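Participant: Read in full-length UniProt numbering, the sequence shown has 153 at position 153, and its numbers run on one by one without any break.
Among the hints, a few may not be true.
Here are the simulated distance ranges between beta carbons [as the list claims (entries may be wrong)]: (1) Tyr214 with Gln238: 23 to 29 Å; (2) Gly35 with Ser225: 21 to 27 Å; (3) Thr95 with Leu28: 23 to 29 Å; (4) Thr219 with Asp80: 28 to 34 Å; (5) Arg104 with Ala207: 26 to 32 Å; (6) Tyr214 with Arg68: 50 to 56 Å; (7) Asn20 with Arg84: 24 to 30 Å; (8) Asp229 with Arg68: 41 to 47 Å; (9) Thr50 with Glu191: 51 to 57 Å; (10) Leu21 with Ala79: 25 to 31 Å; (11) Glu19 with Arg192: 42 to 48 Å; (12) Phe228 with Phe93: 42 to 48 Å.
Hints are computed from structural coordinates only; laboratory data are not their basis. Computed from a predicted model, the values in this text were never measured in an experiment. Backbone N, C-alpha and C define an ideal beta-carbon position, used for all residues, glycine too.
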Amino acid sequence: MAQLTDPDARVRVLVADDENLMRAGLRLMIDGARGIEVVGEAADGAEAVTLTRELDPDVVLMDVRMPRMNGLDATRALADEGARARVVVLTAFDTDDYLLDALRGGAVSFLLKDSPPEAVVEAVLDAARGGARFSPSVLTRLVRLAAGRPAGAASAPSDDIGLGGGSVGESGPGAPSAVPSPAAAPAGVTEREWEVAQLIAQGLTNAEIAQQLYLSMPTIKTHTSRLFDKLGVTNRVQLAIRVLELSET
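Can you build the whole structure from these sequences, using the hints too?
Facilitator: Okay, structure coming up:
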C-alpha cells in the first residue's frame with residue numbers, strides 16, 4: 001500500500017459504519033481537521049470495498065460488525081485487491097480475535113470507539129503517512145500477544161496512546177507502564193537511546209518523549225532510527241516487543 005510523503009497533503013478518507021449516526025459523527029469529527037477530507041460513506045463492508053475502488057481514498061475508517069460483509073472481511077478483500085487505501089479499524093468490540101484478524105487482514109491501526117476525537121484524527125494522519133496507532137488496552141495486549149505472553153499479564157493501560165509520530169490523548173509523563181525497567185541498557189545501546197526505547201514501549205509519541213526528556217523532535221527521531229538498527233526491528237510495535245523481551249530477561 002502506498003503512503004503519503006508530503007506532510008501538507010490532503011488526506012482523503014472513506015468512513016465505513018452501519019450506523020447512520022456514527023458515520024455522521026465521524027464526518028463531523030474529522031472532516032476538515034488538519035487537512036482531512038471525508039470523500040465518502042459506506043453502510044457495510046461490501047459497499048466499503050466498492051467505494052474504495054471508485055473513490056481511491058488514502059484511508060478507510062472501518063467498523064467491524066456490519067451487514068452483508070463485515071469490516072474484517074472487507075479489509076482482507078481490499079488487501080487482496082492491492083488497494084492503496086490503508087485501513088484503520090474503529091470498533092466498540094475489544095477482543096483478541098478482532099485485533100489479530102484485523103492486523104492479519106491488512107489493517108494498520110486498531111482503535112476503540114470510545115477514543116477521544118484527537119486520537120481518531122491522529123490515527124488517520126498516521127495511517128496515511130505509514131504509521132500505526134492503537135488504543136491503550138489494545139497496544140498492551142498486542143505487545144504481549146506478539147511476544148507470546150498471556151494477555152492477562154499486562155498491567156493497567158495508560159490513557160489513549162499511539163505508535164505514530166503525532167501527539168494525542170493525555171498519555172505522557174507519569175502514565176503507568178506495561179514495561180518493567182531493566183538496570184542497564186543492552187549492549188550497543190546508549191543510556192539515552194534506552195530511555196527513548198522504554199518510552200516508546202510505554203506508548204508515548206515522539207512529541208511526548210521529546211517533552212519528557214527535554215529533547216528536540218529531530219533528536220528523538222534520530223534515536224529511534226538508531227534503535228531500529230541496533231535492535232534489528234523495523235517499526236515501533238516490534239521495538240516495543242523487543243524492549244519487553246529485554247526487560248524481562
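Participant: Determine for every hint whether it applies to the structure shown.
Facilitator: How the hints compare with the structure:
1. Range check, Tyr214 to Gln238: about 27 Å between beta-carbon atoms, so the 23 to 29 Å window is met.
2. Between Gly35 and Ser225, the C-beta spacing of about 26 Å keeps the proposed range 21 to 27 Å intact.
3. Separated by about 28 Å at the C-beta atoms, Thr95 and Leu28 satisfy the suggested range of 23 to 29 Å.
4. Between Thr219 and Asp80, the C-beta spacing of about 41 Å breaks the proposed range 28 to 34 Å.
5. Range check, Arg104 to Ala207: about 30 Å between beta-carbon atoms, so the 26 to 32 Å window is met.
6. Distance hint for Tyr214 and Arg68: a CB-CB separation of about 52 Å, consistent with the stated range 50 to 56 Å.
7. At about 27 Å, the CB distance of Asn20 to Arg84 agrees with the hint of 24 to 30 Å.
8. Distance hint check for Asp229 and Arg68: the Cβ-Cβ separation is about 46 Å, which falls inside the suggested range of 41 to 47 Å.
9. Here the CB-CB span from Thr50 to Glu191 is close to 53 Å, well matched to the stated 51 to 57 Å.
10. The hinted window of 25 to 31 Å between Leu21 and Ala79 holds, with their beta carbons roughly 29 Å apart.
11. Checking the proposed 42 to 48 Å range against Glu19 and Arg192 shows it holds: the Cβ atoms sit about 47 Å from each other.
12. Between Phe228 and Phe93, the C-beta spacing of about 32 Å breaks the proposed range 42 to 48 Å.
In this structure, the earlier hints numbered 4 and 12 are contradicted, and the remaining ones agree with it.
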